[in-house]
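Engineer: In case you want the letters, here they are:
There are 2 protein chains.
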Amino acid sequence: MVIVGIVAGGTGSRMGADRPKQMLDLCGKPVLIRTAQAFLRHSQVGHIIIGIHPDWYDEVKALTEKELDSRVSVTPGGSDRNDTVMNIINYAKSIDGVSDDTIILTHDAVRPFVTDRMIDDSIAAMDNYAICTAAVPATDTIVVSENGQTVCDFPLRSTMYQVQTPQTFRIGDFVGVYSGLTEKEKSEITDVCKLFYRKGHEVGLIMGDQKNIKLTYPADLTAARTFFEEQEENQ
Amino acid sequence: MVIVGIVAGGTGSRMGADRPKQMLDLCGKPVLIRTAQAFLRHSQVGHIIIGIHPDWYDEVKALTEKELDSRVSVTPGGSDRNDTVMNIINYAKSIDGVSDDTIILTHDAVRPFVTDRMIDDSIAAMDNYAICTAAVPATDTIVVSENGQTVCDFPLRSTMYQVQTPQTFRIGDFVGVYSGLTEKEKSEITDVCKLFYRKGHEVGLIMGDQKNIKLTYPADLTAARTFFEEQEENQ
Numbered sequence: 161m162v163i164v165g166i167v168a169g170g171t172g173s174r175m176g177a178d179r180p181k182q183m184l185d186l187c188g189k190p191v192l193i194r195t196a197q198a199f200l201r202h203s204q205v206g207h208i209i210i211g212i213h214p215d216w217y218d219e220v221k222a223l224t225e226k227e228l229d230s231r232v233s234v235t236p237g238g239s240d241r242n243d244t245v246m247n248i249i250n251y252a253k254s255i256d257g258v259s260d261d262t263i264i265l266t267h268d269a270v271r272p273f274v275t276d277r278m279i280d281d282s283i284a285a286m287d288n289y290a291i292c293t294a295a296v297p298a299t300d301t302i303v304v305s306e307n308g309q310t311v312c313d314f315p316l317r318s319t320m321y322q323v324q325t326p327q328t329f330r331i332g333d334f335v336g337v338y339s340g341l342t343e344k345e346k347s348e349i350t351d352v353c354k355l356f357y358r359k360g361h362e363v364g365l366i367m368g369d370q371k372n373i374k375l376t377y378p379a380d381l382t383a384a385r386t387f388f389e390e391q392e393e394n395q
Numbered sequence: 161m162v163i164v165g166i167v168a169g170g171t172g173s174r175m176g177a178d179r180p181k182q183m184l185d186l187c188g189k190p191v192l193i194r195t196a197q198a199f200l201r202h203s204q205v206g207h208i209i210i211g212i213h214p215d216w217y218d219e220v221k222a223l224t225e226k227e228l229d230s231r232v233s234v235t236p237g238g239s240d241r242n243d244t245v246m247n248i249i250n251y252a253k254s255i256d257g258v259s260d261d262t263i264i265l266t267h268d269a270v271r272p273f274v275t276d277r278m279i280d281d282s283i284a285a286m287d288n289y290a291i292c293t294a295a296v297p298a299t300d301t302i303v304v305s306e307n308g309q310t311v312c313d314f315p316l317r318s319t320m321y322q323v324q325t326p327q328t329f330r331i332g333d334f335v336g337v338y339s340g341l342t343e344k345e346k347s348e349i350t351d352v353c354k355l356f357y358r359k360g361h362e363v364g365l366i367m368g369d370q371k372n373i374k375l376t377y378p379a380d381l382t383a384a385r386t387f388f389e390e391q392e393e394n395q
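Chains as they are written, first to last, in the numbering used here: chain A, 161 to 395; chain B, 161 to 395.
Since the hints were made in silico from the structure, they are not lab data.
Be aware that one or more of the hints could be misleading.
Put simply, identical chains are the same to the list, so a pair is met inside one copy or across any two.
[Claimed, not checked] Calculated lysine to aspartate or glutamate pairs in the EDC-like style (CA-CA distance at most 20 Å, straight line):
1. K221 to D260
2. K359 to D313
3. K189 to D243
4. K359 to E348
5. K221 to E393
6. K371 to D300
7. K253 to D369
8. K221 to E362
9. K371 to D280
10. K371 to D281
11. K374 to D300
12. K354 to D300
13. K189 to E393
14. K354 to D333
15. K346 to D243
16. K253 to E392
17. K189 to D280
Using the sequences plus the hints, can you model the full thing?
Structural biologist: In structure tokens:
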């Protein structure tokens with residue numbers, strides 16, 4: 161059994177909507193529900209814990225009870241992403257069968273197109289790494305600019321990857337890495353992969369997918385509807 | 161007067177279509193025509209030259225004659241992107257009023273959402289730089305992997321930019337930079353900004369736009385239709 165932590169702290173400002181992005185409709189259900197359903201389809205997922213902004217706790221709790229099943233719980237999010245993951249892990253520890261060795265896949269609530277293959281690969285990577293992340297080769301050329309005015313470096317495109325989620329690790333390892341940080345480090349290093357890396361862990365890559373998009377801008381929802389309809393046709 | 165070189169060498173394989181991406185329909189006209197129209201709306205654009213794969217030359221020539229006006233010409237593309245730009249420049253030299261100092265904006269045929277503001281900024285940047293490119297801050301976290309298996313660096317996200325087009329320079333400067341290259345260098349350095357950089361030129365950045373997408377995957381066309389309809393409503 162693995163568990164899944166869905167991180168749903170966004171406020172949706174870039175969508176121009178008055179609801180967080182994960183609450184927007186995707187073909188009849190909120191995005192968050194679609195994301196949870198994608199994990200529930202996988203046989204090894206024993207429990208999903210959604211870390212949600214406290215303002216949305218009641219609504220999301222009612223929604224998951226209506227739309228999903230008893231494998232799904234909701235817990236209030238923390239002050240930032242990693243703090244929300246810590247809350248999710250604290251909740252997870254109360255579940256029967258969860259130990260420090262339990263694998264948790266952490267995932268953006270607004271990436272509803274995670275696949276069984278990505279989940280399989282993430283779990284398998286735990287044989288070799290303390291942490292792994294989904295990523296895809298960068299589609300655009302990437303340049304570096306320190307002043308925002310001129311280019312100071314042209315990194316080799318074939319070595320550049322865009323990070324997606326899931327990001328996967330064992331519960332005990334996260335607690336070990338995170339609890340040793342100062343408040344300053346916590347505020348500076350928001351990327352969990354970088355946290356593990358700084359503590360000397362290799363960070364494994366598993367192949368994401370161009371369709372595993374993060375719904376950020378209104379146009380992303382349009383693309384998401386197309387992806388969703390294709391997916392339904394193929395099932 | 162500035163001129164525009166539209167680079168249209170793609171074969172569309174990633175779109176899963178049997179026509180190059182720039183020939184696919186965007187709300188009633190091929191993408192390439194939409195891109196050219198975006199430049200023709202700008203008062204400083206005197207001429208557009210489309211560099212097209214030789215197999216599509218006749219069809220595109222007929223299409224531009226039907227849909228566009230006498231400011232638009234078509235020339236066969238070369239063996240790679242820079243070679244196509246060279247062909248475009250050789251064609252441009254036959255136009256009245258074009259000299260080594262003439263500014264050329266080079267642009268992907270499959271980016272139909274270039275704006276007047278980007279064109280203005282590109283021309284203005286020529287006061288300070290020999291070359292400039294449109295770019296946007298990277299939306300995803302970028303990591304570096306040399307082996308494709310593990311992460312070897314976490315560059316600072318705030319310094320990472322995704323390159324778009326237009327990429328703008330003076331005709332004479334391009335010829336100077338490009339004609340001095342060996343065949344090996346030509347095949348290795350496909351990025352024109354990197355070419356200029358290697359020759360000691362500063363590369364200026366002008367702000368692109370999240371909507372200035374390169375139509376690469378089928379879902380991009382769906383998003384493009386939404387953008388196009390919004391644009392028409394706002395005009």
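Engineer: Evaluate each hint against the coordinates.
Structural biologist: Hints, verified against the model:
no.	hint	result
1	K221 to D260	neither (26 Å within a copy, 66 Å between copies)
2	K359 to D313	between (27 Å within a copy, 14 Å between copies)
3	K189 to D243	neither (28 Å within a copy, 50 Å between copies)
4	K359 to E348	within (15 Å within a copy, 37 Å between copies)
5	K221 to E393	neither (30 Å within a copy, 39 Å between copies)
6	K371 to D300	both (16 Å within a copy, 14 Å between copies)
7	K253 to D369	neither (31 Å within a copy, 44 Å between copies)
8	K221 to E362	neither (36 Å within a copy, 54 Å between copies)
9	K371 to D280	within (17 Å within a copy, 34 Å between copies)
10	K371 to D281	within (17 Å within a copy, 33 Å between copies)
11	K374 to D300	both (17 Å within a copy, 9 Å between copies)
12	K354 to D300	between (23 Å within a copy, 14 Å between copies)
13	K189 to E393	within (17 Å within a copy, 29 Å between copies)
14	K354 to D333	within (14 Å within a copy, 42 Å between copies)
15	K346 to D243	within (9 Å within a copy, 49 Å between copies)
16	K253 to E392	neither (35 Å within a copy, 54 Å between copies)
17	K189 to D280	neither (25 Å within a copy, 43 Å between copies)
In summary, the structure is inconsistent with hints 1, 3, 5, 7, 8, 16 and 17 from the numbered list given earlier, while agreeing with the others.
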